[in-house]
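**Q** The residues making up each chain are set out below.
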Amino acid sequence: MDSVMQSGKRMGNQTLVFSNPGAVISSGTIAGPMEGKGPLGEHFDTVLKEDTWGEDSWEKAERKMFEQAVRRAMEKAELNSGDVDCLLGGDLLNQIISANFAARELKMPFLGLYGACSTMAESLLIGGMLLDGGYADCVACTAVSHFSTAERQYRNPLEMGGQTTPTAQRTVTGAGCSIAAGPNYSGSRIYRNIFITAGTIGKVVDLGITDANNMGAAMAPAAADTLAAHLSDTGRGVMDYDLVVTGDLGSFGSEMFIDLCRDNGIDIQDRHMDCGNMIFAPEQKVDCGGSGCGCSASVLNAYLLDKIEKGELRRIFFMATGALLSPTSSMQSESIPGIAHGVVLERK
Amino acid sequence: MANKQQKTPEQRRYQQRVNEKMPRSKTLSQCIRAFISGGIICSIGQLVHDIGEKWLMLDEKGVAAFTAIIMVFLGASLTGLGVYDKIGSWSGAGSIVPITGFANSIVSPAMEFKREGFVTGTAAKMFVIAGPVLVYGIGSSVIVGLIYALLRA
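Top to bottom, those sequences are chains A and B.
In this note's numbering, each residue's number is its place in the first sequence (first place is 1) plus 973.
In this note's numbering, each residue's number is its place in the second sequence (first place is 1) plus 75.
Just so you know, these hints were derived from the structure itself, not from any lab.
Honestly, I wouldn't trust all of these hints.
[What the hints assert, rightly or not] Here are the simulated lysine-lysine pairs, DSSO-like style, with alpha carbons at most 27 Å apart:
1) Lys-1022/A with Lys-1049/A
2) Lys-1010/A with Lys-161/B
3) Lys-1176/A with Lys-96/B
4) Lys-1033/A with Lys-189/B
5) Lys-161/B with Lys-1258/A
6) Lys-161/B with Lys-101/B
7) Lys-1321/A with Lys-1283/A
All of these numbers come straight from a predicted model, not from anything done at the bench.
Bound-form chain A, shown alone (with noise of 0.2 Å):
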């Protein structure tokens, strides 16, 4: 089956196979107060002490994360601002402010994306691209996200004094950054054996979720048409993979996407790993677990790049998930359409 893998660039209907693929080479990440004090505590490279990082705006703050985690994962590796052809990447922040104004500062090529939380993966399919075409020998990929800011711009000031429903989900202060280079890139690096070798692009699903403290069953059918899609188009099964790794469905959207893998004939149970499960403790009292694009990039570059690098995964399928609301969406009564894009990891 690898054999026919390597012969197109494309496979089936939204499957990209990279026949020169770029290989991770470093990575950053900086992490909240919070998130510092969950499981994955000790994996991040920067855990602030406080959310605002000694910026006057958790806004600034924001930005100065994403920029932090580019900065971050090129002194890992040596590499200087030039090195970089491209910086890609998102956050969650109307306009994107966070990844243009941190990009100001970085003064690089840049594309800005937003996939919501799926921005992660959405920005890996695209690096992956970028250098197997031979556009770029060295791309920046890179999410942000913030709780404070997020809390703000989606739901209700900080010091308002409320619950929240047990489907809510905690916005992840965190960012994440991968630099991933092609095949031509002879520069210094800390990871050798992790590449980026496939990616499935997703489709907008909307199975008419309304509430925008459910997302993780917003976006859980997005996800399993995703991995339905990707295995289909590659001729895999889920025991192809060591990890399908989710991004930010939570406990309960984890649950309806492993119920709707299991409709598609699909058992992912056992293979399962869902980010916002992971980076916080459940007596962290956060309901449904951690979400945001932050959370998907954070968990990536600090724990399972590792991972794969020591051997432990051989090849996982990593697959973040957005919710494409608004907040005018959601006060307009719409569903809520979700998005998921998968690239395979693998060591070669």
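Once you've looked at the hints, dock chain B against the given chain A.
**A** Below, chain B alone, put in the same frame as chain A:
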């Protein structure tokens, strides 16, 4: 618009499944918490009321104003100190319904939007949550007042 369209059978099936499996709010325990915390806040209000009546010798209208001022002051201060949201996450409606909750709903956006400036931020956003309460509260009192005036005439 998507919400105006007929639901497909797939959507209907999925929504039904989500509704069945969704983790539920613990209504009973939350009601008990709201009862206790709301009761405590109202008892404090009663204490303030009695102080105004018995010690400060205020008349009926004076006592009502005095109590409201003190309770709003307490609610606003605890919001400013970052305590009220913690009380709120335990108490739910118990701390939202009393007048302290009203103070919280005005002070919290006022604080949060200070960075957008005192005019375009604090002042403009201050009533973003409490605004509807004021609009419909004042609006319905006008209607009730008119009916009352007509009935008396």
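**Q** Indicate, hint by hint, whether the structure satisfies it.
**A** Against the structure, the hints:
1. Lys-1022/A with Lys-1049/A: 22 Å, holds
2. Lys-1010/A with Lys-161/B: 19 Å, holds
3. Lys-1176/A with Lys-96/B: This hinted pair holds, its Cα atoms lying about 25 Å apart.
4. Lys-1033/A with Lys-189/B: Holds, at roughly 15 Å.
5. Lys-161/B with Lys-1258/A: 13 Å, holds
6. Lys-161/B with Lys-101/B: Judged against 27 Å, a Cα distance of about 18 Å means the pair holds.
7. Lys-1321/A with Lys-1283/A: Cα-Cα ~12 Å, so holds.
The structure fails none of the hints (numbered hints given earlier).
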